[in-house]
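So you can see what is in the structure, the chains are spelled out below.
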Amino acid sequence: MINPTVTETAAPAAEIPLAFKPKKGGYIPKGLTLLSVIIITVILAVILYNIVFGGIGIISVDFLTHPPEQGMEAGGIFPAIFGTVALVILMTIAVVPIGVLTAIYLQEFTSPDSRITRLIRLAINNLAGVPSIVFGLFGLGFFIGFVGRGMDLLFTDGSGPVWAQPAIIWASLTLAVLTLPVVIVATEEALRTIPPEIKDASYALGATKLQTIIRVILPQATPGILTGAILAVSRGAGEVAPIMFTGAAYYLPYLPGKLNDQFMELGYHIYVMATQSPDVEKTKPILYGTVLVLLVLTFMLNFLAVILRSKIRSKRVNA
Amino acid sequence: MDKLQFKPKSRWREFIGEKFIALSALSALVAIFLIFAFIFKESIPIFTDPDIKEEASVDKMVFKQEFYEGREAKWSWQPNSEVPKYSLLPLFIGTIKAALIAMLFAVPLGVGAAVYSAEFASRRMREFIKPIIELLAGIPSVVLGFLALIVLATFLQKTFGFVFRLNTINAGIALGLAVIPIVFTVAEDAMTSVPKSLRDAALALGANPWQVSMTVVLPAALPGIAAGIVLGFGRAIGETMIVLMASGNAAIISASFTDSIRTISATIAAELAEVVFGSAHYSVLFFLGTLLFVFTFFINLGGDYILGRLKIKFQGRMK
Numbered sequence: 494m495i496n497p498t499v500t501e502t503a504a505p506a507a508e509i510p511l512a513f514k515p516k517k518g519g520y521i522p523k524g525l526t527l528l529s530v531i532i533i534t535v536i537l538a539v540i541l542y543n544i545v546f547g548g549i550g551i552i553s554v555d556f557l558t559h560p561p562e563q564g565m566e567a568g569g570i571f572p573a574i575f576g577t578v579a580l581v582i583l584m585t586i587a588v589v590p591i592g593v594l595t596a597i598y599l600q601e602f603t604s605p606d607s608r609i610t611r612l613i614r615l616a617i618n619n620l621a622g623v624p625s626i627v628f629g630l631f632g633l634g635f636f637i638g639f640v641g642r643g644m645d646l647l648f649t650d651g652s653g654p655v656w657a658q659p660a661i662i663w664a665s666l667t668l669a670v671l672t673l674p675v676v677i678v679a680t681e682e683a684l685r686t687i688p689p690e691i692k693d694a695s696y697a698l699g700a701t702k703l704q705t706i707i708r709v710i711l712p713q714a715t716p717g718i719l720t721g722a723i724l725a726v727s728r729g730a731g732e733v734a735p736i737m738f739t740g741a742a743y744y745l746p747y748l749p750g751k752l753n754d755q756f757m758e759l760g761y762h763i764y765v766m767a768t769q770s771p772d773v774e775k776t777k778p779i780l781y782g783t784v785l786v787l788l789v790l791t792f793m794l795n796f797l798a799v800i801l802r803s804k805i806r807s808k809r810v811n812a
Numbered sequence: 178m179d180k181l182q183f184k185p186k187s188r189w190r191e192f193i194g195e196k197f198i199a200l201s202a203l204s205a206l207v208a209i210f211l212i213f214a215f216i217f218k219e220s221i222p223i224f225t226d227p228d229i230k231e232e233a234s235v236d237k238m239v240f241k242q243e244f245y246e247g248r249e250a251k252w253s254w255q256p257n258s259e260v261p262k263y264s265l266l267p268l269f270i271g272t273i274k275a276a277l278i279a280m281l282f283a284v285p286l287g288v289g290a291a292v293y294s295a296e297f298a299s300r301r302m303r304e305f306i307k308p309i310i311e312l313l314a315g316i317p318s319v320v321l322g323f324l325a326l327i328v329l330a331t332f333l334q335k336t337f338g339f340v341f342r343l344n345t346i347n348a349g350i351a352l353g354l355a356v357i358p359i360v361f362t363v364a365e366d367a368m369t370s371v372p373k374s375l376r377d378a379a380l381a382l383g384a385n386p387w388q389v390s391m392t393v394v395l396p397a398a399l400p401g402i403a404a405g406i407v408l409g410f411g412r413a414i415g416e417t418m419i420v421l422m423a424s425g426n427a428a429i430i431s432a433s434f435t436d437s438i439r440t441i442s443a444t445i446a447a448e449l450a451e452v453v454f455g456s457a458h459y460s461v462l463f464f465l466g467t468l469l470f471v472f473t474f475f476i477n478l479g480g481d482y483i484l485g486r487l488k489i490k491f492q493g494r495m496k
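One line per chain: the protein sequences are A and B, in this order.
Each number in our numbering corresponds to the 1-based position in the first sequence with 493 added.
Each number in our numbering corresponds to the 1-based position in the second sequence with 177 added.
Chain B with its partners taken away, still in its complex shape:
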């Protein structure tokens, strides 16, 4: 008589085990919710507390303020000054400027390398490119920040004669290095998942391999490449250590890329350690965090949506 290898255990154990697994699976969902809830919670006083509103209302963060009587109204971020100034505009401009340089640097390199890897590279070459990108992705951002601060800044200043050693271009290039792997990975993935039937059809119509790449694969994978760029932009906006170390952290409004900048993320990192718990400054920093979270959340949602649609499109066409 054959014996069963497993003894049937109690249903209760089974039930509890399964429910425990299901409960754990909600962790990511719970985490996202808690992150938003607890960051937003700390910034609520900006909207409700009269004392804090006096110092830093939404109004004061957005519009020009006449900080000293009789002086010209302006946007200014100086939370530790005698008259605390909480205009967010200088930080927004700094963040956008850094991200812009990063994207100008990372998109051509990331997309270019992805096109080469997916379309032109031999198998052997591809096996060389992928680890290169993985190595780049594996460099901690504090190391990139350190290099930008110690090496790149000196090099750029010597070469181009910048007035400020730490400036937008310096921070932007280092930031770009952190963005390249994201752009590359997403774009390359989109191109390699273009159905073979599309390529074959183009080849049958007389296209040579690079015509296939340029007129068929690239247009088909374009949404995926765009998603890579969007996700890379999200990273550039949120990245902290690189800009904190390499940008000079001066909250000034200027259109020049050779000026120093102060980004939203670097502001939180630099100021939160010294801030008084529960003060207006504290709430404003959490409010900045909330903005950062909400912004990257929608960026990621958008990128995901594009990639999901693309996947359905490609798989639908395959069979």
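Bound-form chain A, shown alone:
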């Protein structure tokens, strides 16, 4: 026998006092928190049900392609759809390049702990938390009152305001500032998923940093940039407070054709019809229809962004 003492002297392990008394249950916290989830879900379901069934009846090709009639109590919402699309396109053109360049700088040029990175990150986080009405004031004070007036002084004969007035260009630039954090955050996430080997390979082939960014990093980050742009559009399309004083109009008999035209917009149209209409009961169907269109637009965009993002994330897992 080899070493028989081991089994003989092995005493039963002493009872270790447990820090936690074994308890059954946990049903109460689990139940209560589950109740929160259920309440939120029910509220969301009621909201969606209300809007979908309130608005679906009026949606038709005519509704989507005709202007409002009889003081918005009849007709469609085409100018508001057109204005919203034009607004977010201009906004995207302004915000995406700057947002992407900022993200590239933060990810490729500086260490995450450097003072300038931390300062920029602080600014981004804070920008995301600025109330939307403050953006409206900013758009009025800066874009219209300062930039617009400056352009009028420089380029016009001073016969009347050309640029120093509410216009689609100022509204879209205001929204661009508002959505900047969205684009930066989404692009950064995409940049982080690019394997360093790809960049190393590019440098090994003799590429400079700029060449690597343009030809290697940007193409790799395109889905992420697209996600950011879509999320920004979805956010921008739903904002009303920033455009109230910077360019949106109650009603316009024409579509915006120049950068300094005013425009109609879905969210603002909802606000106007819901609060300024002399007979809300009469405008209600159109109102619900407009809400449904806006909601479908923003949800579709969000959905698209979620799909794109999950694709990027699964790529990172596989890599």
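Mixed in with the good hints, there may be bad ones.
[Claimed, not checked] Anything over 12 Å on all C-beta distances counts as not near chain B; from chain A, calculated:
hint	residue
1	Gly651
2	Glu682
3	Pro689
[To be verified] Simulated restraints on C-beta separations:
hint	chain 1	residue 1	chain 2	residue 2	range
4	A	Val773	B	Lys488	43 to 53 Å
5	B	Lys251	A	Ile552	47 to 57 Å
6	A	Leu711	B	Phe192	56 to 66 Å
7	B	Val239	A	Pro778	21 to 31 Å
8	A	Leu646	B	Ala214	13 to 23 Å
9	B	Arg303	A	Ile521	45 to 55 Å
10	B	Ile193	A	Leu612	16 to 26 Å
11	B	Gln492	A	Pro712	46 to 56 Å
12	A	Ala697	B	Lys488	28 to 38 Å
[As the list claims (entries may be wrong)] In the BS3-like style, the derived pairs of lysine-lysine whose C-alpha atoms are separated by at most 30 Å in a straight line are:
hint	chain 1	residue 1	chain 2	residue 2
13	A	Lys777	B	Lys335
14	B	Lys335	A	Lys775
15	B	Lys488	B	Lys307
16	A	Lys523	B	Lys307
17	B	Lys490	A	Lys523
18	B	Lys307	A	Lys804
19	B	Lys230	A	Lys804
20	B	Lys241	B	Lys230
21	A	Lys692	A	Lys702
22	B	Lys251	B	Lys262
23	B	Lys488	A	Lys692
24	A	Lys523	B	Lys488
25	A	Lys804	B	Lys262
26	B	Lys230	B	Lys262
27	B	Lys373	A	Lys523
28	A	Lys702	B	Lys196
29	B	Lys230	A	Lys692
30	B	Lys218	B	Lys373
31	B	Lys373	B	Lys262
No lab work stands behind these hints: they were computed from the structure.
Computed from a prediction, not measured in an experiment: that's the story for all the values here.
Every residue, glycine too, gets a C-beta built ideally from N, C-alpha and C.
With chain A held as given, fit chain B onto it using these hints.
Okay, now just chain B, sitting in the frame of chain A:
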């Protein structure tokens, strides 16, 4: 002989490209600075211009005023009356009251759902909860305002017999719906980033899963949950469209939550469109915007600080 894939380009191009990117990266920083500068700039006349000071000095905005001779001194917001009245107190009270109801509604639901999602939910359940919250976050605030104005207000009045259809509770609940996603996201993030070592240690000491949640994870993540609540409060203070449409917009001082209210943000939104450029009223509205900006700025700074500390704490403990 192997050829380089990239031709070395001029250093100048490289230099300019990099500087351009670095410059763009300052955009968020510049934006924050410009927002403050231009909103504050428009409110400066309150402190300097003698004519405007006559009408609306800081003194008059803060203290009780005897607006009509022989009548009782009081706080009153009536900028368009024959004797313009600019007391900010009614607006502050309205803002706080709405935010209070919103938080009472949103914190239990948001934190509860976050606890459930992070601690009790199965993977599948979590994949159901997250999109629910994202959908809720994706609803534009003008749509929430519309629903509160048309549907919720009628429902609440019928159920509870409120004298005023549009009141604090109505606006507060709708506001709460906008706050829930923020509270949920930040709180859930804090709980899921609690290091696994902490959980394992508690499990080894004999705790069952819900004891781990309640006695280890929750206390560790408490600062993060608090940060979520703080950031949610910031949103509730600054949100505009919901309160503008659902609160009744009556600037009255009252402790009752069934009275109408007028918030700071809604006041700016409702009055800026009709105000005379450069008048006392104009400056006061920008001053309100400045207050809103400064307040949310520090709220965000505080929330960020807490989350940053928590991240360092968790990551420091991990290895």
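- Task: State the violated hints by number, sorted upward, taking the hints as numbered earlier in the document.
- Result: Of the numbered hints given earlier, those the structure breaks are 6, 7, 9, 11, 19, 25, 29, 30 and 31, listed in rising order.
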